[in-house]
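Trainee: Input sequences plus hints: build the corresponding full structure.
Residue numbers are given in this note's numbering: position 59 of the sequence shown equals residue 66, and the series is strictly consecutive.
These are computed hints drawn from the structure, not numbers from a lab. Any given hint might turn out to be false.
Straight-line distance between alpha carbons at most 27 Å, and here's what the computed DSS-like set of lysine-lysine pairs gives [claimed, not checked]:
{"hint": "1", "residue 1": "164", "residue 2": "186"}
{"hint": "2", "residue 1": "186", "residue 2": "62"}
{"hint": "3", "residue 1": "109", "residue 2": "49"}
{"hint": "4", "residue 1": "109", "residue 2": "186"}
{"hint": "5", "residue 1": "49", "residue 2": "164"}
{"hint": "6", "residue 1": "49", "residue 2": "62"}
Distance ranges between label pairs, derived from CB positions [stated by the list, open to error]:
{"hint": "7", "residue 1": "138", "residue 2": "199", "range": "31 to 41 Å"}
{"hint": "8", "residue 1": "73", "residue 2": "140", "range": "47 to 57 Å"}
{"hint": "9", "residue 1": "140", "residue 2": "198", "range": "40 to 50 Å"}
{"hint": "10", "residue 1": "157", "residue 2": "207", "range": "38 to 48 Å"}
{"hint": "11", "residue 1": "105", "residue 2": "141", "range": "18 to 28 Å"}
{"hint": "12", "residue 1": "207", "residue 2": "181", "range": "35 to 45 Å"}
{"hint": "13", "residue 1": "209", "residue 2": "78", "range": "50 to 60 Å"}
{"hint": "14", "residue 1": "189", "residue 2": "145", "range": "27 to 37 Å"}
Backbone N, C-alpha and C define an ideal beta-carbon position, used for all residues, glycine too.
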Amino acid sequence: MNTSHLLERLSALDTNTVSDALDFLGMRGATFGLLPLWNCPKITGRASTVQLGAKQDAAPTAHLISPVVARIDTDDRVLVIAGGAEGVSCWGDILANAARMKGIRGSVLDGCSRDIKGSEAIGYPLYGRGVTMISARNRLVQVDAGCAVSMAGVTVKEGDYVMADECGTVFVAAEVIDKVLELAERIDRRQAAMVDAIRAGCSVERVMHDSQFEAINAEYA
8 MNTSHLLERL SALDTNTVSD ALDFLGMRGA TFGLLPLWNC PKITGRASTV QLGAKQDAAP
68 TAHLISPVVA RIDTDDRVLV IAGGAEGVSC WGDILANAAR MKGIRGSVLD GCSRDIKGSE
128 AIGYPLYGRG VTMISARNRL VQVDAGCAVS MAGVTVKEGD YVMADECGTV FVAAEVIDKV
188 LELAERIDRR QAAMVDAIRA GCSVERVMHD SQFEAINAEY A
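Mentor: Here it is as structure tokens:
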């Protein structure tokens with residue numbers, strides 16, 4: 008199945024449902040703490056990974072992340088940036104403008120951003136741990152890209168699937184995206200039916216009994 012159709016299916020869901028599907032399948036992918044840094048829209052896409060690290064010397068280097076932005080040539084990418092330092096920015100408005108010009112869908116930072124109004128002004132979706140004013144210059148450098156990275160304890164590889172919304176960020180390994188989507192769509196339908204039942208006057212105790220959730224897994228199996 009082609010990437011665009013998979014992303015359409017993923018976009019129709021939310022992070023809660025995808026997290027539930029991963030739970031049922033015994034897979035990791037849901038994170039805690041990587042939240043919208045302004046009131047931005049949901050994003051879904053394929054991961055372009057970046058690993059940052061502490062700068063060890065005073066030698067000038069290319070600005071972190073800029074080489075990755077420059078190389079992207081498709082419109083399905085989300086920047087997934089690991090290795091941020093507490094209270095130090097690893098994103099700003101100049102990068103946001105460059106990413107927007109390249110058709111990048113948004114960024115997820117295991118770290119902080121500065122110049123947040125700059126990203127908001129151009130509608131660039133940004134998720135991460137917080138907002139700061141402290142520059143990365145002479146503090147952080149890019150040490151790798153296109154590699155496996157750890158995002159809030161979840162391993163993310165180049166090309167994995169990313170979804171971020173108001174509840175946070177979830178990652179799905181590319182090799183299991185079909186299985187996760189199939190179950191997530193089943194969960195979404197079942198939960199919509201449960202809401203309809205509540206609105207029709209059914210007992211919340213019966214509708215939300217554990218057996219109702221177990222039935223989703225039984226149907227999938």
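Trainee: Work down the list of hints and note, for each, if the structure agrees.
Mentor: Going down the list of hints, with the structure as the test:
no. : hint                     : result
1   : 164 with 186             : holds, 18 Å
2   : 186 with 62              : violated, 40 Å
3   : 109 with 49              : holds, 19 Å
4   : 109 with 186             : violated, 31 Å
5   : 49 with 164              : holds, 21 Å
6   : 49 with 62               : violated, 32 Å
7   : 138 with 199: 31 to 41 Å : holds, 35 Å
8   : 73 with 140: 47 to 57 Å  : violated, 20 Å
9   : 140 with 198: 40 to 50 Å : holds, 41 Å
10  : 157 with 207: 38 to 48 Å : holds, 45 Å
11  : 105 with 141: 18 to 28 Å : holds, 21 Å
12  : 207 with 181: 35 to 45 Å : holds, 40 Å
13  : 209 with 78: 50 to 60 Å  : holds, 54 Å
14  : 189 with 145: 27 to 37 Å : violated, 48 Å
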